[in-house]
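Chemist: Listed here are the chains, written in short residue letters.
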Amino acid sequence: AQSVTQPDIHITVSEGASLELRCNYSYGATPYLFWYVQSPGQGLQLLLKYFSGDTLVQGIKGFEAEFKRSQSSFNLRKPSVHWSDAAEYFCAVGGPNDMRFGAGTRLTVKP
Amino acid sequence: DSGVTQTPKHLITATGQRVTLRCSPRSGDLSVYWYQQSLDQGLQFLIQYYNGEERAKGNILERFSAQQFPDLHSELNLSSLELGDSALYFCASSPGTHRTLDTQYFGPGTRLTVL
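Just so you know, the sequences run in chain order A and B. According to our numbering, the stretch in the first sequence is residues 388 to 498, in order. According to our numbering, the stretch in the second sequence is residues 1027 to 1141, in order.
Chain A extracted, bound-state conformation:
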């Protein structure tokens, strides 16, 4: 059965610091992997996705994620966080016709 785990419910980082949000998954085949961001009062926005190929994926807003098959992980990174990055971040895993979301990680950015 497919599942996705985001171990960190809440993370606080200082503005300008680097960020890594963790995502671990369980999936029977090669998964499709996604990161979404949900800003307060907004719907979800796709940051990046991985289907195949290069395991380091570049997304919007300066985010990147790396697929590590051996660790069943797809962690999201950003080298320097901006105050506007404060939001909820969701990892999702699935196949061609199904997708399951993680519980989310709330990011707080300190000035």
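Only true hints are included.
Not everything, but these chain A residues come out facing chain B in the computed CB check (under 7 Å):
(1) TYR419
(2) GLN429
(3) GLY430
(4) GLY481
(5) ASN484
(6) ALA490
The hints are simulated quantities; they were obtained by calculation from the structure and are not laboratory data. Note that the Cβ used here is the ideal one computed from N, Cα and C, for glycine as well.
Starting from the known structure of chain A, fit chain B onto it as the hints suggest.
Modeler: Structure of chain B alone, referenced to chain A:
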């Protein structure tokens, strides 16, 4: 702004009642998806419509139903409401049929409170 609109933004109703949530997809998108986001269940896929036809079903209760009209807007009907139905309901749209291969564009959501 994703281009997906949802009305109303907030809805407060009582148990046992029936409500209708409305979604207008982005111009040109043929698929509409409905999601429920609650504290205990997280974000759950409910149902997908493509060009007026039901395409995929997720964890949608029998008390809930949806449809997509010829102008491609969609409505989610929730009936016999229970306290546990209180949640944020999102609509998303995409150009094609694939829930994962296509990029989905999410609306701002409708917050439903059942008292």
